[in-house]
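Visitor: With the hints as extra help, turn the sequences into a complete structure.
These protein sequence lines map, in sequence, to chains A and B.
Residue numbering for the first sequence follows our numbering, starting at 1 and increasing by one per position.
Residue numbering for the second sequence follows our numbering, starting at 1001 and increasing by one per position.
Hints listed in this document are in silico derivations from the structure and should not be mistaken for laboratory results.
Predicted, not measured: the structure shown is a model, and the values here were computed from it.
Some clues are possibly wrong.
As the list claims (entries may be wrong) - Think about it this way: if two alpha-carbon atoms lie no more than 27 Å apart in a straight line, the pair counts; the simulated DSS-like pairs of lysine-lysine are:
{"hint": "1", "chain 1": "B", "residue 1": "K1207", "chain 2": "A", "residue 2": "K94"}
{"hint": "2", "chain 1": "B", "residue 1": "K1014", "chain 2": "A", "residue 2": "K229"}
{"hint": "3", "chain 1": "B", "residue 1": "K1178", "chain 2": "B", "residue 2": "K1229"}
{"hint": "4", "chain 1": "B", "residue 1": "K1094", "chain 2": "A", "residue 2": "K207"}
{"hint": "5", "chain 1": "A", "residue 1": "K213", "chain 2": "A", "residue 2": "K228"}
{"hint": "6", "chain 1": "B", "residue 1": "K1178", "chain 2": "B", "residue 2": "K1207"}
{"hint": "7", "chain 1": "A", "residue 1": "K229", "chain 2": "A", "residue 2": "K213"}
{"hint": "8", "chain 1": "B", "residue 1": "K1178", "chain 2": "A", "residue 2": "K229"}
{"hint": "9", "chain 1": "A", "residue 1": "K228", "chain 2": "B", "residue 2": "K1229"}
{"hint": "10", "chain 1": "A", "residue 1": "K131", "chain 2": "A", "residue 2": "K333"}
{"hint": "11", "chain 1": "B", "residue 1": "K1213", "chain 2": "B", "residue 2": "K1178"}
{"hint": "12", "chain 1": "A", "residue 1": "K178", "chain 2": "A", "residue 2": "K333"}
{"hint": "13", "chain 1": "B", "residue 1": "K1228", "chain 2": "A", "residue 2": "K228"}
{"hint": "14", "chain 1": "B", "residue 1": "K1178", "chain 2": "B", "residue 2": "K1333"}
Stated by the list, open to error - So the derived list for chain B, only partly shown, Cβ under 8 Å to chain A, looks like this:
{"hint": "15", "residue": "H1045"}
{"hint": "16", "residue": "R1048"}
{"hint": "17", "residue": "I1050"}
{"hint": "18", "residue": "Y1052"}
{"hint": "19", "residue": "P1054"}
{"hint": "20", "residue": "S1056"}
{"hint": "21", "residue": "A1060"}
{"hint": "22", "residue": "L1149"}
{"hint": "23", "residue": "S1164"}
{"hint": "24", "residue": "Y1169"}
{"hint": "25", "residue": "A1186"}
{"hint": "26", "residue": "G1192"}
{"hint": "27", "residue": "N1201"}
Ideal placement from N, C-alpha and C gives every residue a C-beta, glycine not left out.
Number of protein chains: 2
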Amino acid sequence: MYGQIRFERNPHLKTKPGIQDDLGFGRIFTDHMLVLDYEEGQGWHDPRIIPYAPLSYDPAAMIFHYGQAVFEGLKAFRTESGEIQIFRPDQNAKRLNRSSERLNMPPIDETFIVNAIQELVRVDADWVPSKQGASLYIRPFVIATEAGLGVRPSSRYSFVVIMSPVGAYYEEGLQPVKILVESHYARAVHGGTGGAKAAGNYAASLKAQVLAKEHDCAQVLWLDAIDKKSLEEVGSMNVFFKIGGEVITPSLSGSILEGITRKSIIHLLSDWGIPVTERRISIDEIVQAYENGTLEEAFGTGTAAVVSPIGSLLWQDTPMVINNGEIGELVHKLYDTITGIQYGRIADKHGWMVTC
Amino acid sequence: MYGQIRFERNPHLKTKPGIQDDLGFGRIFTDHMLVLDYEEGQGWHDPRIIPYAPLSYDPAAMIFHYGQAVFEGLKAFRTESGEIQIFRPDQNAKRLNRSSERLNMPPIDETFIVNAIQELVRVDADWVPSKQGASLYIRPFVIATEAGLGVRPSSRYSFVVIMSPVGAYYEEGLQPVKILVESHYARAVHGGTGGAKAAGNYAASLKAQVLAKEHDCAQVLWLDAIDKKSLEEVGSMNVFFKIGGEVITPSLSGSILEGITRKSIIHLLSDWGIPVTERRISIDEIVQAYENGTLEEAFGTGTAAVVSPIGSLLWQDTPMVINNGEIGELVHKLYDTITGIQYGRIADKHGWMVTC
Ligand SMILES: Cc1ncc(COP(=O)(O)O)c(C=O)c1O
Ligand SMILES: Cc1ncc(COP(=O)(O)O)c(C=O)c1O
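Guide: See the structure below:
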C-alpha cells in the first residue's frame, strides 16, 4: 500500500536518556519520524522514515487556521525478555480514520498504519525504555497542509508519526487523584466533534483544566453540554464507577471518545464475570450513591495512565471522598492485569499485543 | 510596546497580479508577513516584518496536535483617490484577545496589533488592489508553538499576520444564495468555543458545509446544539431577518461569533431609525413568517461578503423562497453604504476607517 517505505537514516543520532533519567511525558523525541503525504487526485503517497526534524508549511497552510487535524496515542513496551510489543495499534488505526471522517479528512489504509508504526519502532528500537513502568509513546497525527484561506476541506494532508520515551505515569505506584466536576465549560456536544480525537477538542478543554488546577484537582470531569447532568469523561480519560457492586461507565453518546483502554477494561471485566453497564450516568446519581455509601470505586482510563483511581470528586465546592481516598480493589486488579499484558508478564489471551 | 518592529525587506518580490486577474479568496499572498513571538516569562517580543516564507516548527509543536489557535480577518481598501484604509482594525484586535482568552492564550496589546497591521500594509501597499470590489484581506493569527505532548496551555506562541489580495466577492453584483438549515451537526454549544474565532470551530463545520454543497446550497444555517431550534449563524456569517417590518438577529448567546459587520449593521440601522432586536429566534418562527407572508428579507453578514442576501432556506427538504429569490431593499442599502464607507465614497461618520 502506498509503495515501499523509503528510509533515510539520521546521521546525527541524539544521546538517549539514561535509565535514571526522569523522562516526563512527551518532552523528548526519538531520532526518526514517519511521514506520508496526501494530495487530492493522487491520494496518499511517498511514505518515508526520515530524521526527526521541524515541519515546514506555508503560513497559509490550513493547519495554522482551521484546526483540521486529528491524532492518536498508543504505546510500545519492552518486555522482561527484551522484546518490544505495541498495545492494540489496529484499534488506534481504526479510530484515527473515524476521527478523520468527522473532519472530512481522507482515510489511511489501516494495515499500512500498523505496519508503518511497527517499522518506525524497529528503527528506533533502542529508544524503547526498559525501566519499570516506562514505555515508548507513539503519536500519529494528520494535519491539513493546503495553503489557502477559504474555509473548506483541505486538498493536501500529511500523516506524521513521532515517538517519545515516557516515564512511568505513577512514579511511586498508583495514586488516587482529586477531580473537579465541571458545570460551566463544555468540551463537546451531540452533533459536534467530541467522539473524534480532533485537535480543537483539546484547545477547548484548556480553560477548564486550568480551573481544575486552581482547585488543586488533577483534572476535570465533564458533564454533557445540554443538561449539565450526564457524566462524559475525565480530561483525556474515560470514566468508570463501581456502585453497589455494579460497574458502570457512560455510554458512547457521540460526544465522548471511545477509549481503547475503556474497551479493553470492559472486555477484561466481562472475562472475569463482572458485567459493565454502559448507560447514561447523572451526577445526581453519583451524589446519591456517595451519600448512601454505595459509591465504592471511581477511576479514569486511558493510554497515558492505564487507570487512574479517583480519590475524590469536587462537586459544587463539596468534595466527595471515595473509598476513603484509597485505591480500590478493582482498579488495582485492572492496572496489574493490563500492565501485566503490556509488559509480557501475563499471557496475552486476546491477541492485543503486536510484536515489532 | 514590544520594541521597534524590525524590518527585513524581501529581496525577491513576487509578480503582482494584474488588474484583470481573477484573485479568488486567500490564494495568493503578499511579499511580507509580520511575526511576534511569545515565551512564558519573557512575554511577547521580537516584532518583525520579514519576507513571506514557510513557518517551521518542531513536529511536537502544540499547533499540530491540540488546536490551540485563534485568528482574525479584516480588509484594507483602496479609495478612488488612491489612499488605503482599513475597516475597524481595533475591533479585530479586541476580538482576537477575546478569542485568545477562551483558549487560555496570552493577550497582545491592541494598539500594537493595529499599528503593526498598518505598518505591514504600508510595506506591501502595492498589493492593495484598485479594481472595483477588490481589497486586501488581512489574516492575523496566533498559534501555540511549544514542543510538547502534554495537554496543557502552551508556553510559547507566535502571532503572525499574512495578507492576500482578494477579488470582489460578487463578481457580477450581489447574488442571493441558497442556505441549508442544518439540524444534525453542531458547530458550537453554550460553554464551548463558539463565541471565539478558534481554529477548531472551523474544522468542526466542514462536514455540514460539504452536506450543504451536496444540496446545492452555498452554506449552512446552524441551529443551536441544545434544542436544535434557535438560529445561530450562517457559515462564517451572522444572520439577520426582516419580518413584518422588524429587523431581528440572534443575540450573542456565547455560542456565536460577535461579527464586526453585524455590529456595524446594527449601528447603521439604528442611525436610520430602524431598530434591530437581538433575541432568540427559532426556526419555527421563520417557517411561520414564511407561511404567513411576513418574511421579507434574510441575509448573512461578514467581512468576506459584507452582506449576502439569502434567496432561499432549505429546511427539512422544503425550500422557503424569500422575497421571490430577489435582493431585498434593506440588504442592498446596507451593502451600498458599507462598501461606500470602505472605498471612501461615503463619509465615514463613525470613524470606522483607519488610514495607512
Ligand atoms: C478525550 C479522551 N478521552 C478518552 C481517552 C482515552 O482513550 P484511550 O484509552 O484510547 O487512550 C483519551 C485519550 O486517548 C482522550 O483524549
Ligand atoms: C463563525 C463566524 N461568524 C460570523 C463571522 C462574521 O464576522 P465579521 O463580520 O467580523 O467578519 C465570521 C467571520 O469573520 C465567522 O467566522
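Visitor: All hints are to be evaluated individually against the structure, with a verdict given for each.
Guide: Now for the hints, and whether the structure bears them out:
1. K1207/B with K94/A: OK: K1207/B and K94/A at ~19 Å, within 27 Å.
2. K1014/B with K229/A: violated, 57 Å
3. K1178/B with K1229/B: holds, 19 Å
4. K1094/B with K207/A: holds, 19 Å
5. K213/A with K228/A: Status holds; Cα separation ~21 Å.
6. K1178/B with K1207/B: holds, 17 Å
7. K229/A with K213/A: holds, 22 Å
8. K1178/B with K229/A: Distance ~38 Å between K1178/B and K229/A Cα, so the pair is violated.
9. K228/A with K1229/B: Holds. K228/A to K1229/B sits at ~19 Å (cutoff 27 Å).
10. K131/A with K333/A: Holds, because 21 Å separates the two Cα atoms, which is no more than 27 Å.
11. K1213/B with K1178/B: Since the Cα atoms of K1213/B and K1178/B sit roughly 10 Å apart, the hinted pair holds (cutoff 27 Å).
12. K178/A with K333/A: holds, 21 Å
13. K1228/B with K228/A: Measuring from Cα to Cα gives roughly 17 Å; hence the hint holds.
14. K1178/B with K1333/B: Holds - the C-alpha atoms of K1333/B and K1178/B are around 21 Å apart, at most 27 Å.
15. H1045: violated, 19 Å
16. R1048: violated, 14 Å
17. I1050: Constraint on I1050/B not satisfied, violated at 11 Å.
18. Y1052: Holds, because the Cβ-Cβ distance from Y1052/B to chain A comes to roughly 7 Å (cut-off 8 Å).
19. P1054: Hint holds; P1054/B Cβ to chain A Cβ min 4 Å, cut 8 Å.
20. S1056: holds, 4 Å
21. A1060: Hint holds; A1060/B Cβ to chain A Cβ min 6 Å, cut 8 Å.
22. L1149: Holds - the Cβ of L1149/B comes within 8 Å of chain A, reaching about 3 Å at its closest.
23. S1164: The hint holds - S1164/B has a Cβ within 8 Å of chain A, the shortest such distance being about 6 Å.
24. Y1169: Check failed: Cβ of Y1169/B comes no nearer than 12 Å to chain A, outside 8 Å.
25. A1186: Given a least distance of 3 Å, the restraint on A1186/B holds.
26. G1192: holds, 4 Å
27. N1201: holds, 7 Å
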